[in-house]
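Asker: Chains as they are written, first to last, in the numbering used here: chain R, 147 to 484; chain W, 22 to 261; chain D, 8 to 300.
None of these hints come from the bench; they were simulated from the model.
We treat Cβ as the ideally placed atom computed from N, Cα and C, and that holds for glycine.
Among the clues, some could well be false.
[Stated by the list, open to error] Quick list of in silico lysine-lysine cross-link-like pairs, DSS-like style, CA-CA up to 25 Å:
(1) W/Lys136 / R/Lys154
(2) W/Lys136 / W/Lys115
(3) W/Lys115 / R/Lys460
(4) W/Lys115 / R/Lys468
(5) W/Lys179 / W/Lys206
(6) R/Lys435 / R/Lys154
(7) W/Lys200 / W/Lys179
[What the hints assert, rightly or not] Only part of the chain R face toward chain D is listed, based on derived beta-carbon distances under 8 Å:
(8) Ile182
(9) Ser390
(10) Leu394
(11) Ile437
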Amino acid sequence: MNRMRASKDMWLWISGAALVIGLALATAGNRFAAFIIGIVFLNVLWTAGMNLLYGYTGLVSMMTAGVAGIGAYGTVKLFLDYGWSFWFAVPVSAVGAAAVGVILGLPALRLRGFYFVLSSLVIQVALTLVFIYFPQFTNGDTGITQIPRPGLWLPGFGAVDLTGPGFEIILGLLALAGVAVVYMIIRSRMGAFIIAIREDDLLAEELGIDVTRYKVMVFFISSLLMAVGGAFYAVYTGFISPRSFDVLMSMNIWLMVAFGGRGTIAGPIIGSAILVPIPFLLQELYQIKDIFYGSLIILVTVAMPAGVYGTILKWWRVRRQKQNTAVAPVAIKRMPAE
Amino acid sequence: MNEILLDARQVEKQFGGIRALASVDVQQAVGETLGMIGPNGSGKTTFVNVVSGHLSIDAGSISFAGAPISGRRPHAITRAGLTRTYQAVRVFSKLTVADNLRTTALAAGREEGVKDSHVRELIHWLELDRRLDAIAGMLTLFEQRRLELAMRLALRPKLVMLDEPVGGLSAVEITHMMKLLGELKTRYSLFVIEHTMRVIRELADRVVVLVSGQKIADGRPEEILRDERVVRNYLGSQGA
Amino acid sequence: MVDPNLLIGLSMLTTGLVLGAIFALTAAGVTIVYGCIWLPNAASGQFFLLAPLVAWSLSTAMGWSPILAVAAVLIAGLPFAYLLERLLIRRFYDVPDRNIAYFVVTLGITQILSGVFSITWGQWSDQYNIPPLAEGVVFIGPFPLPANRLIALVGALALLGALFVGLRYHRFGRALRAVFQNREAAALRGVDVQRIYLGAFLLGTSVIFAGGLLYAMAYSFDLSVAWSMGITAFAIMIVGGPGSVLGALVVGMLFGFVQAAVSVFASPTAATLSYLLAMLVILLLRPSGLFAR
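Modelling step: build the complete structure from the supplied sequences, incorporating the hints.
Answerer: This is the structure in structure tokens:
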């Protein structure tokens, strides 16, 4: 059984990688389309982190963009000002950003329900203000422009050109890796525990699960994914400013997870794939992007709390259940002898 | 007398000036089934809550299996071998029965999950075999009570604290549950809060009576249920 | 001649008084809605801005007298709030943890309104002011106060007073406070809880609109007021204790003086940052103490 699943999983990831590379190569001739694909990949990575946090653990965090921002600014600082290799700067600043995220979020993680949401929002707004008012690190509201793309030297390949589709491929593989991390966590015992925490944290604790410890772990891992995404966003778009990582970004990522289907692996991917390109494709819509996303937030919350994929799954399950309703109600049997 | 399992001494708990527990002393021996009775609001559930770590105590001490547990967090107390149920049945109501049990088994360090031999025995004993794929919240109350019990027993506890295990069940179901609890009693130390006197009479080796947060009686059930003060303060009004 | 430092000090005091009264009023509106319906309105800042923007359009573009414009906005606010409650707020009354759902939904409203503002009023002007109702400066003892700010101050204090008296003595106010304290008990005593919810939402939202209008009568404003006021009102509610109108009054006044003082020495953002920190400290240090329901 397990081996069968493992090999099925393997094929899933291989075809995912093939799809990602195929998408990147297919759009290589059209920089506009390629850019949209690249941004979709980044959002898949971000939503994977948000899904772990919100979809599986039930924590609505509004400070995810701030953590991504710390990762981005940290990487750019090390990369441009200190001359580090980008590939070395990313993990260092991602771990740093996740650590900062946990330190900031740790007291808030003790709070339950709405007070956690509010605290995370307050931290997000404070981080945005920090980005604006510490221009020696961030160049303030003007932002940092013309961030160059890094080079990459791979053994066996030599120097790889990352100005073309190469970078989209990297972003795609990164997104896939992010989704795989979440998938593996969900399959593990940690996955069972965080779902238990989402469903009823008091009961989870009562069953011997160290709720705070798992919340912190989830927070750290998802912060890591956010920060890596932020770092790659910086070099991919070549421009970052405090507005790139404001509360609206936190909300949009939340929306993609909720819209696609929280607590499912495919949902956030679907959410990103549908919602990211829309403002790009309809130029007139770009103006009213906020109105569009805001309306969707309300619509999803009111009418489709399970999201697109979650709703499809439900229909499918109901249909399947209708086909085998032959299960008779259990009668009370005699006690089996001890 | 056997070795002491649960030892609560001079336990105090106040809620905004009201003494929910007033210097309560409760000792329970290994293998003993202890009943706790008392009118509504007398502090029974509060007592379970302070023992299981869901509430802090204002004064006194609680130790379990020889180690102090007051001030420790609920998950640590569970890992020390103390588990409890709730008056309102508490399971993961949106997950399947199998997932409820799997999560519990994993929390108890049994990587096999539902396939663990002990968990399978429990499933069979509590007749949940054919309900494994059902969503827990869709089960009947009695099924949910059995699932709740299976989850607690999967933790391999030293003490099971049951807060009104037959609450809301029908007469037939109560009889069935009594049989289960009777078997349980032979293998586990139980602590039972109940209003149904039949449960206490048939199950408990010893009974503690709480009234307004104070222990007013402690002894064998047949003595306690005749005790004049208990009858006046509690049983009289209950009509049991 | 008066010492200019003294003059700055005195005007700081009067500014603090005006801002404090408006903060307190707005936060009272937010806290009534949260305390009663459990609805943390993240869009309160946008509501605070919406009212004066409409009044600005009525008075400048359409040439209405400012009094008429303000009154019209206040009246039009009622059906607006009513529709919002019927179409949206009402759907969540039975949802457990509805304060999270409400928070997310009102964040959505925030996003919509700020999008609307930037493609409409944002295109028309950078700064807005409602023509003053009265010109000149009034001296209250040694305190210099422009007449339009005096009107705003008196209006805010009068509304706060009315709110206090109404909540304490009016039939509706007493029912509302009963729902604050215990929903189930109030329902058992025959209070129509859903009607109280509707009333609380209409009242709270109108009070926020009134706060915005009074602010606009006293000062010129821009679109950034929405975010800073939203944060300020929330911070006042959290620090003062959600559901506590008295807390809103005390902390609102305090924050008003802080804002006035900070604005003299540093940027207003520093004040906003200090509210954020105050809110965070309270949230983290007294997570259950102040907010236990």
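Asker: Take the hints in turn and mark each one as holding or not.
Answerer: Structure-based check of all given hints:
1. Restraint check: the Cα-Cα separation between W/Lys136 and R/Lys154 comes to about 22 Å, which is no more than 25 Å; the hinted pair holds.
2. For a cut-off of 25 Å, the pair hint linking W/Lys136 to W/Lys115 stands: about 21 Å separates their Cα positions.
3. This hinted pair checks out: W/Lys115 and R/Lys460 have alpha carbons roughly 13 Å apart, not beyond 25 Å.
4. Using a Cα cut-off of 25 Å, the hinted pair W/Lys115 and R/Lys468 holds, with the two alpha carbons roughly 19 Å apart.
5. With a C-alpha separation of about 12 Å, the suggested pair W/Lys179 and W/Lys206 falls inside the 25 Å cut-off, and the hint holds.
6. Of the pairs offered as hints, the one joining R/Lys435 and R/Lys154 is violated, with about 39 Å between alpha carbons and a cut-off of 25 Å exceeded.
7. About 20 Å separates the Cα atoms of W/Lys200 and W/Lys179, which keeps this hinted pair within 25 Å; it holds.
8. Here the hint on R/Ile182 is broken, as its CB sits about 21 Å from the closest CB of chain D, past 8 Å.
9. Interface restraint check: R/Ser390 against chain D, minimum CB-CB distance 16 Å, threshold 8 Å, status violated.
10. Here the hint on R/Leu394 is kept, as its CB sits about 6 Å from the closest CB of chain D, short of 8 Å.
11. Satisfaction of the interface hint for R/Ile437 is found here, the shortest Cβ-Cβ separation to chain D being roughly 4 Å, below the 8 Å cut-off.
In terms of the numbered hints stated before, the structure departs from hints 6, 8, 9, listed from lowest to highest.
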